[in-house]
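Trainee: Sequence:
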Amino acid sequence: MEYNFKEIEKKWQKHWKDQKTYQVDVDKEKPKYYVLDMFPYPSGAGLHVGHPLGYIASDIFSRFKRLNGFNVLHPMGYDAYGLPAEQYAIQTGQHPAITTEKNIKRYREQLDKIGFSYDWNREVKTCDPEYYKWTQWAFIQMFHHYYDNKAEKALPVNDLIDHFKAKGTKDIDAACSDELSFTADEWNGKTEKEQQEILLNYRIAYLADTMVNWCPELGTVLANDEVKEGVSLRGGHPVEQKVMRQWSLRVSAYAERLLIGLDNIDWSDSLKEIQKNWIGRSEGAEMIFPVKNSDVEMKIFTTRADTVFGVTFMVLAPESELVNQVVHSDHKKEVEQYIADAKKRTERERMSEVKKMTGVFTGAYAVNPLTNEEVPVWVSDYVLAGYGTGAIMAVPAHDSRDFAFARTFDLPVTQVVVPHGEEPADTDQWDDSIDSKEGYMVNSGFINGLDVPEAIHKTKEYIRKKGIGEVNVNYRLRDAIFSRQRYWGEPFPVYYKDDMPYTLDVSNLPLELPEVDKYLPTEQGEPPLGRAKNWKTEEGYPLELNTMPGFAGSSAYYLRYMDPHNNKQLVSQEANEYWKDVDLYIGGTEHATGHLIYSRFWNKFLYDIGEVCQSEPFRKLVNQGMIQGRSNFVYRLKGTNKFVSYNLKKDYDTTPIHVDVNIVQNDILDIEAFKNWNPEYKDAEFILEDGGKYVCGWAVEKMSKSMFNVVNPDDIIEQYGADTLRLYEMFLGPLEQSKPWDTNGIDGVHKFLRKAWRLFIDRDNGILVTDKEPSKDELKVLHRAIAKISDDIERFSFNTCVSAFMICVNELNDLKCHKRSILEPLAILLSPFAPHMAEELWHMLGHKTSIVDAPWPKAEDKYLKDDSVVYPVSFNGKMRFKLEMPADAGKEEIEKAALAHEGAAKWTEGKTVRKVIVVPGKIVNIVVG
RNA sequence: GCCCGGAUGGUGGAAUUGGUAGACACGCUGGACUUAAAAUCCAGUGGCCAUUGCGGCUGUGCGGGUUCAAGUCCCGCUCCGGGUACCA
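First residue of the first sequence? That's 1 in full-length UniProt numbering, and the numbers climb one at a time after it.
Keep in mind that a hint or two might mislead.
What the hints assert, rightly or not - Okay, derived cross-link-like pairs now, PhoX-like style, lysine-lysine, Cα gap no bigger than 20 Å in a straight line:
hint : residue 1 : residue 2
1    : 906       : 780
2    : 466       : 299
3    : 922       : 891
4    : 906       : 878
5    : 896       : 915
Since the hints were derived computationally from the structure, they do not count as laboratory data.
Please model the entire structure based on the sequences and the hints provided.
Mentor: Written as structure tokens, this is what we have:
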């Protein structure tokens with residue numbers, strides 16, 4: 001019987017579905033294991049061959065865990081809100097829900113063909129009201145909590161109100177937008193509106209005037225992680241800075257916990273590093289510089305308190321409130337002009353002019369609290385309003401930006417740190433600031449002569465004692481802007497009364513997305529929801545017009561999978577305490593600063609309010625590498641319709657043109673298919689190689705339509721079957737590494753599957769399996785494979801698993817082994833990788849239940865041990881011959897045998913044997929000279 | 001600029017703790033079967049030299065070092081990929 005993958009795969013996919021083979025429930029008798037894939041955004045293009053890579057790996061691991069006795073939760077769903085469906089809706093008028101549903105259906109079809117072990121009963125879609133009800137619910141909780149820095153957790157806003165009533169802001173240490181100070185009497189005397197405004201300053205989900213990334217092209221604001229190099233991540237449209245009243249999440253309150261939490265989770269170092277950088281913790285000092293002839297005090301943040309003696313000027317961010325307070329009347333005009341200009345510059349322009357310093361003098365002078373020296377106060381946009389205090393002390397000798405600024409405006413430069421082994425130098429001669437992380441202090445009063453770290457410590461101590469400032473920690477991580485001026489997202493469960501936001505009662509959830517006539521802003525410039533009819537509460541209060549961003553729905557989906565049909569809670573306590581957290585999370589590294597920060601934040605908040613039992617959501621995380629495209633080229637002679645083959649093109653003046661990889665095999669062009677590919681090439685002529693072939697060039701590029709290098713998994717499955725696709729995706733290389741897809745190698749794994757099949761079933765005579773006793777050699781082959789494959793799966797080294805299978809099958813083939821006691825365990829080993837074939841073989845062997853519940857075989861040492869060891873014998877490190885010795889031979893015995901070996905004389909002749917190294921079981925090295 | 005990763009045959013990659021570099025595949029070459037092709041099977045395949053013999057030399061981006069032994073460890077570079085960027 002032939003290996004008929006088409007029939008086999010169809011049959012078992014239907015069987016698994018009918019039998020609900022992959023449905024799981026809480027089972028306290030078994031240990032749990034939760035394997036999660038980053039759920040996809042269902043795009044119109046469908047899946048290409050790069051998408052399932054991580055899904056296949058996680059599926060193999062899930063099946064492996066199940067075979068090892070775990071109750072495995074392995075769900076899948078869709079990140080269904082997103083810009084592409086909405087952009088499409090704007091162009092065509094088609095409701096994004098329809099497009100999205102169509103795309104989901106297509107995704108599902110493609111996924112089903114690959115034979116995944118998902119429990120589809122637990123599917124979630126972020127755009128489903130039953131799902132986003134809990135996204136809205138979480139938002140309401142965030143609105144009603146604040147972050148208490150002393151308790152290091154979120155607490156109810158009602159507690160805060162009680163405190164304000166009794167003591168005002170006294171003894172409050174809470175995360176907030178602005179430090180406020182008022183008494184209980186003052187609080188109690190405020191109007192409802194004033195009180196609500198104050199509370200927004202503390203809420204974890206808050207509405208405030210903030211500097212946002214405004215993208216005019218998309219008509220919406222974006223979060224920091226959605227902007228890269230001054231343009232939007234989606235679409236690449238310019239982004240500008242603008243103050244707008246927007247919803248934000250107080251993620252910054254969790255900065256320290258998000259940082260510390262990284263220590264206890266099993267993520268790759270590179271990913272942890274990205275998150276650490278994004279959080280950007282820096283320890284330093286806040287210092288106060290009084291402004292001369294004024295009450296104004298400039299508070300600055302510095303990590304290098306030791307360099308305070310080298311301060312020669314101060315700089316304020318253009319947006320800083322202090323600018324107005326310090327500016328001298330005769331400089332007012334220039335300063336105002338500068339601020340107006342700075343505002344007009346987009347983020348992008350600011351970046352492209354990195355080297356060019358701009359700024360303006362305010363006319364004011366600040367007093368250095370350590371030296372009492374007076375230094376001029378400038379305004380420049382190289383100082384950011386959002387970081388630290390929006391004001392800096394400039395030390396041009398040891399900071400490259402301060403140095404560039406000093407040179408541009410001819411300000412003095414004072415050296416205070418000298419590198420070890422050098423002498424102080426004339427700063428007028430410098431071309432750049434000098435690195436000051438190591439060295440000794442000069443021109444620095446009481447810290448002269450000290451090393452840098454000691455000087456930092458001593459200065460901090462000094463300023464604390466003198467009350468000039470305090471030691472402080474700053475984070476780069478900002479609050480997440482949570483409003484989008486778009487249609488296709490979760491509506492906020494918020495209404496406005498007297499211009500103040502209030503949340504809906506939880507019993508009114510979900511607040512469903514209303515219908516609109518167009519997916520565009522209103523004539524008044526309101527977001528699309530402004531077009532919705534009757535968009536108000538029963539009492540007539542207007543509802544929020546913004547919608548939530550993409551990351552809202554993806555921040556807690558892993559919790560919803562635990563209990564997807566619960567209409568009373570996000571997740572029941574029972575389900576949460578059983579499934580706890582994600583044991584293995586597989587996905588791309590592109591979510592390092594977005595989703596993976598937000599969901600950790602979201603989870604920590606839910607943990608604080610007692611909704612979930614784990615403070616970190618994803619215990620182990622593996623990033624699969626990108627599958628790149630492998631493009632093919634033909635070479636057209638310039639100005640003709642004639643194409644020259646790759647190896648002959650050097651003699652001609654040619655233009656490389658992308659050609660569809662699907663009409664090229666092993667870099668040989670199918671000329672007829674090429675002529676039919678595009679009418680332009682109908683009458684093309686060719687200059688061929690000697691063998692009459694047209695050879696294409698190739699390059700590794702991004703897999704995309706425009707490069708004609710997209711390979712569709714459906715086509716691969718049609719030709720080779722899902723099991724071959726699964727195996728080949730793994731065989732390509734290490735999971736975490738990026739690598740190009742090249743269909744050419746796929747024959748190898750397909751052949752392997754046919755060979756494996758052949759061990760069980762003969763082409764003509766049917767089943768070959770016998771009940772004969774296995775030989776020692778056969779047992780060794782099997783148990784080596786068990787040991788290697790078990791170990792490699794645990795290490796996520798799936799490519800080497802496939803090699804191990806090939807070696808095992810090749811050897812069993814050589815041994816002509818058709819014995820049940822060898823082949824049955826082999827079928828189980830194979831089942832996570834090629835589940836359809838394994839299931840078919842399993843049933844042919846007479847089993848009535850599915851192979852997914854078979855026991856994973858154990859490697860036994862007694863079959864692995866060899867009686868003898870073949871030692872490579874080296875002379876001066878170079879292998880010269882091999883020597884077979886009994887496994888239990890002693891060092892001396894081995895040494896003697898090696899020296900006595902016939903091959904040894906040649907290398908020892910005329911030389912002295914100086915040393916013999918014998919590593920039992922490994923190697924012999926003889927040092928001669 | 002700063003931080004993190006990587007570089008091994010024509011190609012994808014293997015070598016898990018320093019111990020036979022190139023496993024396993026693809027491709028290529030030669031052969032068997034066939035009217036022919038496909039499929040299948042067998043042999044060879046890093047480079048150079050010798051192939052009238054065993055074989056020898058060389059080789060993991062480049063230059064140094066440690067070691068009996070280095071793809072693997074250390075120092076200094078080059079190139080490629082990713083992150084981040086006036087973050088004080």
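Trainee: It remains to establish, for every hint, whether it holds in the given structure.
Mentor: Structure-based check of each hint:
1. For a cut-off of 20 Å, the pair hint linking residue 906 to residue 780 is broken: about 36 Å separates their Cα positions.
2. Using a Cα cut-off of 20 Å, the hinted pair residue 466 and residue 299 holds, with the two alpha carbons roughly 15 Å apart.
3. Proposed proximity of residue 922 and residue 891 is supported: the alpha carbons are some 11 Å apart, at most 20 Å.
4. Pair hint residue 906 plus residue 878 holds up; C-alpha atoms about 13 Å apart against a cutoff of 20 Å.
5. Distance restraint check for residue 896 and residue 915: the Cα-Cα separation of roughly 13 Å lies within the 20 Å cut-off, and the hinted pair is therefore satisfied.
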